[in-house]
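The listed protein sequences derive, respectively, from chains A and B. When the first sequence is numbered by the numbering used here, its final residue is 304 and no position is left out of the sequence of numbers. When the second sequence is numbered by the numbering used here, its final residue is 304 and no position is left out of the sequence of numbers.
Heads up, a few of these hints could be off.
Note that identical chains are pooled: a pair holds if it fits in a single copy or bridges any two copies.
With a straight-line Cα cutoff of 20 angstroms, these simulated SDA-like cross-link-like pairs (lysine to any residue) come out [as the list claims (entries may be wrong)]:
1) 247 - 281
2) 146 - 288
3) 191 - 130
4) 163 - 92
5) 146 - 264
6) 163 - 212
7) 163 - 108
8) 159 - 261
9) 159 - 265
10) 301 - 246
11) 146 - 289
12) 159 - 91
13) 301 - 46
14) 301 - 133
15) 78 - 91
16) 159 - 107
17) 163 - 244
18) 159 - 210
19) 247 - 76
20) 191 - 74
These are calculated hints, taken from the structure and not from any lab test. Just so it is clear, the structure is predicted and the values come from calculations on it, not from any experiment.
2 protein chains.
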Amino acid sequence: MKHYILLSTIALLAACQTAPPEPAPTEKVIVKVIKKVDTPAPAAPTESQQWLYGSAESRITMVQSWNAIASYVEAKAESRPNASVVLAPGATAEAADFLACGADQPLAAVFDADETLIWNLGSMGYFTRTGVGFDPAIWDEWEKTGAGKAQAIPGVKDAFKRIRDAGVEIIVNTNRSNTNIQGSADTLKSAGLGEFAHGRSLYLRGDAPDGGAKDGRRYMISDNYCVIALAGDQLGDIADIFNDKALTPPERKALTVAPAFDQMWGNGWFILPNPVYGPSLAGTMEEVFPEDTYWEPPKQED
Amino acid sequence: MKHYILLSTIALLAACQTAPPEPAPTEKVIVKVIKKVDTPAPAAPTESQQWLYGSAESRITMVQSWNAIASYVEAKAESRPNASVVLAPGATAEAADFLACGADQPLAAVFDADETLIWNLGSMGYFTRTGVGFDPAIWDEWEKTGAGKAQAIPGVKDAFKRIRDAGVEIIVNTNRSNTNIQGSADTLKSAGLGEFAHGRSLYLRGDAPDGGAKDGRRYMISDNYCVIALAGDQLGDIADIFNDKALTPPERKALTVAPAFDQMWGNGWFILPNPVYGPSLAGTMEEVFPEDTYWEPPKQED
Chain A
3 MKHYILLSTI ALLAACQTAP PEPAPTEKVI VKVIKKVDTP APAAPTESQQ
53 WLYGSAESRI TMVQSWNAIA SYVEAKAESR PNASVVLAPG ATAEAADFLA
103 CGADQPLAAV FDADETLIWN LGSMGYFTRT GVGFDPAIWD EWEKTGAGKA
153 QAIPGVKDAF KRIRDAGVEI IVNTNRSNTN IQGSADTLKS AGLGEFAHGR
203 SLYLRGDAPD GGAKDGRRYM ISDNYCVIAL AGDQLGDIAD IFNDKALTPP
253 ERKALTVAPA FDQMWGNGWF ILPNPVYGPS LAGTMEEVFP EDTYWEPPKQ
303 ED
Chain B
3 MKHYILLSTI ALLAACQTAP PEPAPTEKVI VKVIKKVDTP APAAPTESQQ
53 WLYGSAESRI TMVQSWNAIA SYVEAKAESR PNASVVLAPG ATAEAADFLA
103 CGADQPLAAV FDADETLIWN LGSMGYFTRT GVGFDPAIWD EWEKTGAGKA
153 QAIPGVKDAF KRIRDAGVEI IVNTNRSNTN IQGSADTLKS AGLGEFAHGR
203 SLYLRGDAPD GGAKDGRRYM ISDNYCVIAL AGDQLGDIAD IFNDKALTPP
253 ERKALTVAPA FDQMWGNGWF ILPNPVYGPS LAGTMEEVFP EDTYWEPPKQ
303 ED
């Protein structure tokens, strides 16, 4: 751009220097302003998308995670537990009470769906291709019409077989809308994960009065089942207490380390990696790189 | 910017229009080219950094992973294995031979260091703060002087205690340079991970002729130990066969799924999530979002 300024500037100066006494019909000053056009970069996956959806490393962490969940559920089903892994209403880090299990309640494992059971490659590809980032209206269309364009996360199908063989019911608790029941059930079925029935094995946003919170649905599920495992890609898939908007990322992390909670991770509560979206993507420089780790290279002597 | 072009252009035209017969000592043309200064956005962590270094979700996946590694090593140490998990020279997906273990060889677990045992918060914070991305010369300074500014990854210290209590030697195989032995040993010690001795429990780039490849060092380690576990954040921490530069991301992923290799993940071979850097961050739109998952919202009728 500066290049063009100089050109037009020089052209004008030249014109001035050679300007005869006015008027000079045979000479004229031509000023050409060339506008720089920014051609948009071709769509490319983000590094997080490359890692999560594209890499061997991600696939392996998913297989490892789902094998661990299946092994835990198998072992737990053996020793008939009398306590659920669902936090009781009003539970805190200091008083972490869990729901009790009725002796005759069947066992269940409760899982989030998006980026826990399935990778939403169709919608994520669309958002990236078009550069819209995320659009709730388009996501709603995805819930309705995405069947066949989402893939089961590696390791999930094998884990589901082991969990079902252990006699444990698989229940999906997702924040997909209960206005799109059929689309989401079809998406899970098309991904090879089986049949899910609304209100029995599939719970959606709107089923309980607490909106996008999931405790209400966990309590509904617990009316009929003893929940021995919870898994998701976000803390809200475990308990809403972790989703308090007032918590900074370090405070939120500290809450998960409270003794009553810390012993649950990998032991009834399971988190899978998702660096692409969600409440885990937050934090300032100071929150992500704590002050006590501040470093800079030593000044070089010249 | 265009604004300034117009100003200077107008100034010149005005000067031309009012130019008297030369020379005109009382008038002169002043051309002021004002350079647009782009004020840099304040440094902010990337979403991958927020997830990996800042989020509760990441902390939990690390604790789950390291508990799984420790449990595997404890169980394996019980049943004295006669085969290593280190692939033999020339092994392929079709002929996946592993090194044998001498009956009298002590057991060892071999781990990568960076983003496997420690989070390099000091250097990553510096790179992000200054916007340099990554600079090998600065990284070299980090290897020399970063002790105390890297943190042990959550779950590693507990896992190390369990592994050592099981009588299994912990050996670090890192691509940090063997010109910075002391700095890297100090960094591991300052992070609370213990004492590591070069050539015995610490192997670095330059110790074997194959540069940044790690098989050479894995063979050296295997001269003295029966390796029962390998863990890292990249496939190169397991076997160099996965780092063939000719492999596209889907081909690289497919290689890890080959039956002989697939049964090893979580079963002697362990990968931890790292979406911040490394060979896992690769892939085109088509590679990350496969064609058979292509989706767009249905056209709306108006």
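Results of checking the hints against the structure:
no.: 1; hint: 247 - 281; verdict: within (10 angstroms within a copy, 35 angstroms between copies)
no.: 2; hint: 146 - 288; verdict: neither (41 angstroms within a copy, 24 angstroms between copies)
no.: 3; hint: 191 - 130; verdict: neither (25 angstroms within a copy, 43 angstroms between copies)
no.: 4; hint: 163 - 92; verdict: neither (35 angstroms within a copy, 36 angstroms between copies)
no.: 5; hint: 146 - 264; verdict: neither (38 angstroms within a copy, 35 angstroms between copies)
no.: 6; hint: 163 - 212; verdict: neither (32 angstroms within a copy, 43 angstroms between copies)
no.: 7; hint: 163 - 108; verdict: within (17 angstroms within a copy, 38 angstroms between copies)
no.: 8; hint: 159 - 261; verdict: between (33 angstroms within a copy, 17 angstroms between copies)
no.: 9; hint: 159 - 265; verdict: between (27 angstroms within a copy, 16 angstroms between copies)
no.: 10; hint: 301 - 246; verdict: neither (43 angstroms within a copy, 38 angstroms between copies)
no.: 11; hint: 146 - 289; verdict: neither (38 angstroms within a copy, 25 angstroms between copies)
no.: 12; hint: 159 - 91; verdict: neither (32 angstroms within a copy, 34 angstroms between copies)
no.: 13; hint: 301 - 46; verdict: neither (38 angstroms within a copy, 24 angstroms between copies)
no.: 14; hint: 301 - 133; verdict: between (42 angstroms within a copy, 18 angstroms between copies)
no.: 15; hint: 78 - 91; verdict: neither (24 angstroms within a copy, 41 angstroms between copies)
no.: 16; hint: 159 - 107; verdict: neither (25 angstroms within a copy, 39 angstroms between copies)
no.: 17; hint: 163 - 244; verdict: neither (30 angstroms within a copy, 29 angstroms between copies)
no.: 18; hint: 159 - 210; verdict: neither (28 angstroms within a copy, 41 angstroms between copies)
no.: 19; hint: 247 - 76; verdict: neither (35 angstroms within a copy, 40 angstroms between copies)
no.: 20; hint: 191 - 74; verdict: neither (24 angstroms within a copy, 34 angstroms between copies)
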